[in-house]
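Chemist: One-letter residues, chain by chain:
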Amino acid sequence: MTEPILEVSDLVKHYPLTRGTVFRKQAGAVRAVDGVDLRLGRGETLGIVGESGCGKSTVAKMLVNLERPTAGSIRYKGEDITRLSGRALKAVRRNIQMVFQDPYTSLNPRMTVGDIIGEPYDIHPEVAPKGDRRRKVRELLDVVGLNPEYINRYPHQFSGGQRQRIGIARGLALRPEVIVADEPVSALDVSVQAQVVNLMDRLQSEFDLAYVFIAHDLSVVRHISDRVGVMYLGRIVETGTDTEIYDHPTHPYTQALLSAVPVPDPGAREHRERIILSGDVPSPTDIPSGCRFRTRCWKARERCALEVPALAVPATFAAAGGPAAHDSACHFAEERHVVPEGRHGGGPG
Amino acid sequence: MPNQYHEAERAIAGTGMGGTMDLGVDEAETLGKRPGPDGGGPQEPPRSLWSDAWRDLRRNPVFIVSALVICFLVLISLWPSAIASGSPLTCDLSKAQQGSQSGHPFGFDGQGCDVYTRTVYGARTSVAVGVLATLGVTVLGSVLGALAGFFGGVWDSVLSRITDVFFAIPVVLGGLVLLSVITSNTIWPVIGFIVLLGWPQISRIARGAVITAKQNDYVQAARALGASHSRLVLRHIAPNAVAPVIVVATIALGTYIALEATLSYLGVGLKPPSVSWGIDISAASPYIRNAPHALLWPSGALAITVLAFIMLGDAVRDALDPKLR
Amino acid sequence: MLLEVRDLHVEFHTRDGVAKAVNGVGYRVDEGETLAVLGESGSGKSVTAQAIMGILDVPPGRVTGGEVVFQGRDLLTLKEDERRRIRGAEMAMIFQDALSSLNPVLTVGDQLGEMFTVHRGMSRKQARAEAVELMDRVRIPAARERVGQYPHQFSGGMRQRIMIAMALALEPALIIADEPTTALDVTVQAQVMELLAELRREYRMGLVLITHDLGVVADVADRIAVMYAGRIVESAPVHDIYKAPAHPYTRGLLDSIPRLDRKGQELYAIKGLPPNLMSIPPGCAFHPRCPLARDVCRTDEPPLYQVSATRGSACHFWRECLDD
Numbered sequence: 001m002t003e004p005i006l007e008v009s010d011l012v013k014h015y016p017l018t019r020g021t022v023f024r025k026q027a028g029a030v031r032a033v034d035g036v037d038l039r040l041g042r043g044e045t046l047g048i049v050g051e052s053g054c055g056k057s058t059v060a061k062m063l064v065n066l067e068r069p070t071a072g073s074i075r076y077k078g079e080d081i082t083r084l085s086g087r088a089l090k091a092v093r094r095n096i097q098m099v100f101q102d103p104y105t106s107l108n109p110r111m112t113v114g115d116i117i118g119e120p121y122d123i124h125p126e127v128a129p130k131g132d133r134r135r136k137v138r139e140l141l142d143v144v145g146l147n148p149e150y151i152n153r154y155p156h157q158f159s160g161g162q163r164q165r166i167g168i169a170r171g172l173a174l175r176p177e178v179i180v181a182d183e184p185v186s187a188l189d190v191s192v193q194a195q196v197v198n199l200m201d202r203l204q205s206e207f208d209l210a211y212v213f214i215a216h217d218l219s220v221v222r223h224i225s226d227r228v229g230v231m232y233l234g235r236i237v238e239t240g241t242d243t244e245i246y247d248h249p250t251h252p253y254t255q256a257l258l259s260a261v262p263v264p265d266p267g268a269r270e271h272r273e274r275i276i277l278s279g280d281v282p283s284p285t286d287i288p289s290g291c292r293f294r295t296r297c298w299k300a301r302e303r304c305a306l307e308v309p310a311l312a313v314p315a316t317f318a319a320a321g322g323p324a325a326h327d328s329a330c331h332f333a334e335e336r337h338v339v340p341e342g343r344h345g346g347g348p349g
Numbered sequence: 001m002p003n004q005y006h007e008a009e010r011a012i013a014g015t016g017m018g019g020t021m022d023l024g025v026d027e028a029e030t031l032g033k034r035p036g037p038d039g040g041g042p043q044e045p046p047r048s049l050w051s052d053a054w055r056d057l058r059r060n061p062v063f064i065v066s067a068l069v070i071c072f073l074v075l076i077s078l079w080p081s082a083i084a085s086g087s088p089l090t091c092d093l094s095k096a097q098q099g100s101q102s103g104h105p106f107g108f109d110g111q112g113c114d115v116y117t118r119t120v121y122g123a124r125t126s127v128a129v130g131v132l133a134t135l136g137v138t139v140l141g142s143v144l145g146a147l148a149g150f151f152g153g154v155w156d157s158v159l160s161r162i163t164d165v166f167f168a169i170p171v172v173l174g175g176l177v178l179l180s181v182i183t184s185n186t187i188w189p190v191i192g193f194i195v196l197l198g199w200p201q202i203s204r205i206a207r208g209a210v211i212t213a214k215q216n217d218y219v220q221a222a223r224a225l226g227a228s229h230s231r232l233v234l235r236h237i238a239p240n241a242v243a244p245v246i247v248v249a250t251i252a253l254g255t256y257i258a259l260e261a262t263l264s265y266l267g268v269g270l271k272p273p274s275v276s277w278g279i280d281i282s283a284a285s286p287y288i289r290n291a292p293h294a295l296l297w298p299s300g301a302l303a304i305t306v307l308a309f310i311m312l313g314d315a316v317r318d319a320l321d322p323k324l325r
Numbered sequence: 001m002l003l004e005v006r007d008l009h010v011e012f013h014t015r016d017g018v019a020k021a022v023n024g025v026g027y028r029v030d031e032g033e034t035l036a037v038l039g040e041s042g043s044g045k046s047v048t049a050q051a052i053m054g055i056l057d058v059p060p061g062r063v064t065g066g067e068v069v070f071q072g073r074d075l076l077t078l079k080e081d082e083r084r085r086i087r088g089a090e091m092a093m094i095f096q097d098a099l100s101s102l103n104p105v106l107t108v109g110d111q112l113g114e115m116f117t118v119h120r121g122m123s124r125k126q127a128r129a130e131a132v133e134l135m136d137r138v139r140i141p142a143a144r145e146r147v148g149q150y151p152h153q154f155s156g157g158m159r160q161r162i163m164i165a166m167a168l169a170l171e172p173a174l175i176i177a178d179e180p181t182t183a184l185d186v187t188v189q190a191q192v193m194e195l196l197a198e199l200r201r202e203y204r205m206g207l208v209l210i211t212h213d214l215g216v217v218a219d220v221a222d223r224i225a226v227m228y229a230g231r232i233v234e235s236a237p238v239h240d241i242y243k244a245p246a247h248p249y250t251r252g253l254l255d256s257i258p259r260l261d262r263k264g265q266e267l268y269a270i271k272g273l274p275p276n277l278m279s280i281p282p283g284c285a286f287h288p289r290c291p292l293a294r295d296v297c298r299t300d301e302p303p304l305y306q307v308s309a310t311r312g313s314a315c316h317f318w319r320e321c322l323d324d
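Protein chains in written order, with UniProt numbering: chain W, 1 to 349; chain S, 1 to 325; chain D, 1 to 324.
Simulated from the structure, these hints should not be mistaken for lab results. Any given hint could be a false lead.
Chain S is nowhere near these chain W residues, computed Cβ spacing over 10 Å in every case [said to hold, decoys possible]: (1) Gly28; (2) Gly35; (3) Ala71; (4) Gln101; (5) Lys130; (6) Gly167; (7) His337.
Under the rule of at most 30 Å between Cα atoms (straight-line distance), these lysine-lysine pairs were calculated in the BS3-like manner [to be verified]: (8) S:Lys214 <-> W:Lys90; (9) S:Lys271 <-> W:Lys136; (10) W:Lys77 <-> W:Lys136; (11) D:Lys271 <-> D:Lys243; (12) W:Lys90 <-> W:Lys77; (13) W:Lys136 <-> W:Lys90; (14) W:Lys130 <-> W:Lys90; (15) S:Lys95 <-> S:Lys271; (16) W:Lys136 <-> D:Lys263; (17) S:Lys214 <-> W:Lys130; (18) D:Lys263 <-> D:Lys243.
All C-beta atoms in this analysis are idealised placements derived from N, C-alpha and C, irrespective of residue type, glycine included.
Turn these sequences into a full structure, and let the hints guide you.
Modeler: Shown next as structure tokens:
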């Protein structure tokens with residue numbers, strides 16, 4: 001892997017649960033993120049998938065410093081940004097920007113598009129001289145595929161996909177090196193989603209961006225990511241390249257997740273093997289001992305309740321190598337093929 | 001770092017970028033044909049919550065009537081002599097309790113003062129108290145409420161308890177106790193009292209509105225850019241939180257006018273020789289059998305004024321409420 | 001035939017003008033069949049369902065034409081109290097957002113039991129027993145203990161099961177499910193879809209599944225009706241559509257979804273935006289975004305051409321689209 005631009009180690013975020021208003025006392029904690037390690041190379045896309053409540057959005061917020069971690073470090077080019085404040089933090093923020101999920105609430109309805117995209121320059125005036133900002137905003141609109149003449153319009157005059165482009169333009173304004181995108185296309189219609197995914201792909205190569213792409217849609221994540229991390233209940237359970245994760249998953253949760261994705265191919269429905277998990281995700285206030293997936297896992301044995309499985313290459317695969325030899329936090333990791341081979345000849349052209 | 005930045009700079013300004021992306025051009029073309037991407041017909045001007053609300057209000061008869069009444073009130077409180085030639089303090093005991101007569105359409109009160117002139121001049125007190133008290137309440141209440149909503153935590157807990165305490169004070173009783181020790185016969189003690197008891201109402205509204213606005217992603221987006229607290233509040237939160245405050249303040253203005261009259265009626269607000277509808281109502285009530293007109297006109301003026309502000313607030317609320325759209 | 005919608009038109013009167021949400025929709029569902037109505041937001045798929053159920057907000061909505069024939073009767077000509085008797089008992093609906101569709105101040109047992117006390121005149125005690133049985137049937141664990149709990153005490157997947165139980169309560173002949181799993185996580189979505197399919201087989205109900213998810217459709221549907229700008233643009237058995245779409249919009253949708261089984265190149269993207277319902281383009285509503293569009297598409301609205309005995313496509317050039 002290339003030299004990491006962002007390196008996260010043992011990141012933890014616990015939200016204390018308190019009782020009482022004036023005299024507060026702690027009555028437990030929501031363990032939203034519970035020890036996450038990530039590495040992001042320059043110009044690379046790291047996909048993070050997981051179901052709601054797995055902590056992926058909290059990770060995103062900590063990466064852009066919207067939440068302070070309870071413990072752990074986030075190193076940007078070797079410097080731990082979780083301890084920064086004031087001027088130094090502001091300088092780092094320029095380089096790590098965020099694109100939000102909901103195109104309807106992420107743009108201030110009282111501001112024009114020009115003001116929204118130009119705001120980064122108001123906050124970081126050193127980036128662009130005042131007289132130059134309008135021109136830059138027009139260029140950004142053009143770059144994300146919107147007509148620069150719309151600079152004086154308000155967000156409600158645009159469709160969801162167009163608003164997401166505006167959000168992306170705002171994220172690009174300071175020329176960041178890292179963009180953290182939290183479910184950037186999940187609120188969009190299928191046909192518009194493809195436009196925005198393509199746009200993000202193109203911007204990545206044009207501006208040499210590194211993406212942390214967070215989503216629950218496994219197909220979109222595979223499409224855009226170089227490497228993928230699968231999160232469950234606050235931890236990464238399996239991580240590897242897209243081929244390693246999708247074609248050679250070894251963690252039972254990843255396998256269940258992949259097997260549950262509906263595939264747009266009616267021919268696949270008869271011979272398709274589905275792993276239907278029982279029950280619901282446990283509450284993050286009350287995480288099971290040992291392996292946190294064991295309460296829903298069909299392979300769980302006594303060892304799983306006692307020992308926390310480490311995120312490492314399982315011993316069974318380490319010697320043999322090959323695509324199954326990637327980090328997987330399971331005591332009983334085994335390879336299983338769950339994604340049906342598509343017959344549908346989609347794709348461009 | 002500066003190097004990378006300039007590289008990216010050149011990339012974006014470079015020629016390969018401009019209009020050559022398929023996607024960009026396609027969409028721009030589609031948009032070009034349909035100037036209102038979401039909204040409808042061509043040449044649709046940019047619209048905001050406020051211009052939408054204004055469009056609604058202009059068609060609402062309740063708004064038009066109450067706004068006209070309020071305009072009239074403001075005008076006569078600024079220039080009462082324009083429609084009432086005499087002085088409200090010139091009284092002639094010999095005409096006491098007399099009815100309507102030429103030049104004195106509303107008749108005379110128990111002291112022989114012209115009811116018409118006094119009613120016109122009374123508007124000045126009411127409007128002044130209402131407007132100034134509302135200004136004070138709104139400024140104090142929204143600043144404290146916004147701070148509590150924005151910073152939360154201890155600030156919020158403390159402020160919430162304080163507002164609870166103030167809510168527990170009965171207004172009239174509080175007025176009787178606090179104002180009876182004050183001797184100054186100006187409108188300021190009354191305004192001060194209203195501000196003191198009125199701000200918690202606004203601060204609650206402001207706090208709620210700020211908390212709602214704060215949760216929007218665009219506030220998070222601005223924070224992620226490194227925006228300062230003042231920028232977040234002034235540019236992103238306040239403009240999206242003022243609507244409910246304005247509505248409540250408008251309605252409250254009407255009730256403050258009524259409160260001033262009540263306090264003056266009870267003898268702790270303004271006292272003669274000040275001119276106020278409350279004083280006149282108080283003075284006229286013993287003679288209600290002999291001279292009902294002396295009570296009728298100031299009370300009627302008071303009722304219409306209070307009603308006008310409350311209806312205006314209602315109309316504004318309806319126009320600003322996105323759920324009704 | 002269980003349900004047939006013929007030439008349905010629905011308009012919404014807003015202060016900005018008239019939005020034509022549904023413009024001549026027609027589809028049919030047979031007993032025990034699953035019809036997927038596929039469309040993006042604003043395609044009119046949900047409005048059509050609301051018009052069928054008779055739960056359209058009137059005003060601003062208004063059915064301006066067409067027929068909804070259910071078990072031989074045109075529902076649009078019935079009186080409101082007659083329609084009310086059909087709702088719930090003979091056709092039921094499942095919504096996307098189970099949390100807001102359940103009353104937060106009543107226990108799930110009360111809400112399920114209400115179906116029986118109101119429609120079947122059962123006593124409260126009987127209704128309670130029926131509620132427990134229903135919860136068992138939609139596989140809510142420990143139904144007897146949980147029947148007295150409130151909606152917020154259930155997880156999203158469990159709440160959607162309760163919605164399904166409510167819809168099933170009176171064993172209707174037709175269920176309309178509007179994006180029933182969109183708000184759920186993928187593993188829970190699989191559980192719920194499987195449950196729904198199983199129960200449908202068991203009760204031999206007709207199912208109208210309204211969705212935007214081409215994956216879900218491929219998993220459960222027998223036939224598909226694709227909607228665009230308030231019209232059906234393609235209607236066909238599920239295998240035919242995925243094999244060879246006969247409308248450029250369907251083709252565009254299929255091509256624009258990324259694949260799970262391999263990393264693709266650039267995605268195909270349908271250019272432009274869905275139309276504004278206040279000013280739907282003349283001719284074929286899809287022509288501004290269509291790669292096959294010619295002059296005739298800008299002027300003549302295509303009828304639903306008969307592609308085969310079981311397929312229809314509203315494209316003047318469906319042959320080219322099929323060959324492509």
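Chemist: Indicate, hint by hint, whether the structure satisfies it.
Modeler: Results of checking the hints against the structure:
1. With 10 Å as the threshold on Cβ separation, the claim that W:Gly28 sits away from chain S holds: the shortest Cβ distance comes to roughly 19 Å.
2. Even its closest Cβ contact with chain S, about 24 Å, leaves W:Gly35 beyond 10 Å, as expected for a residue assigned away from the interface.
3. Distance check for W:Ala71 against chain S: the nearest CB is about 21 Å away, which clears 10 Å, and the non-interface claim stands.
4. With a minimum CB-CB distance of about 8 Å to chain S, W:Gln101 fails to clear the 10 Å threshold, and the non-interface call is violated.
5. Distance to chain S confirms W:Lys130 as a non-interface residue, since its nearest Cβ pair spans about 16 Å, more than 10 Å.
6. A cut-off of 10 Å between C-beta atoms contradicts the statement that W:Gly167 is not in contact with chain S; the least separation is 7 Å.
7. Interface exclusion of W:His337 from chain S stands, the closest Cβ pair being 35 Å apart, more than 10 Å.
8. About 20 Å separates the Cα atoms of S:Lys214 and W:Lys90, which keeps this hinted pair within 30 Å; it holds.
9. Annotation: proposed proximity of S:Lys271 to W:Lys136 is violated, straight-line Cα distance about 64 Å (limit 30 Å).
10. Between W:Lys77 and W:Lys136 the alpha-carbon distance is near 27 Å, which keeps this suggested pair within the 30 Å criterion.
11. Proposed proximity of D:Lys271 and D:Lys243 is supported: the alpha carbons are some 23 Å apart, at most 30 Å.
12. In summary, the hint linking W:Lys90 to W:Lys77 is supported, as the alpha carbons are separated by about 16 Å, within the 30 Å threshold.
13. In summary, the hint linking W:Lys136 to W:Lys90 is supported, as the alpha carbons are separated by about 21 Å, within the 30 Å threshold.
14. About 19 Å separates the Cα atoms of W:Lys130 and W:Lys90, which keeps this hinted pair within 30 Å; it holds.
15. At most 30 Å may separate the alpha-carbon atoms for a hinted pair to count; S:Lys95 and S:Lys271 meet this at roughly 23 Å.
16. Taking the CA atoms of W:Lys136 and D:Lys263, the gap is near 34 Å; set against the 30 Å cutoff, the hint is violated.
17. A distance of roughly 28 Å separates the Cα atoms of S:Lys214 and W:Lys130; the hinted pair therefore holds under the 30 Å criterion.
18. Taking the CA atoms of D:Lys263 and D:Lys243, the gap is near 21 Å; set against the 30 Å cutoff, the hint holds.
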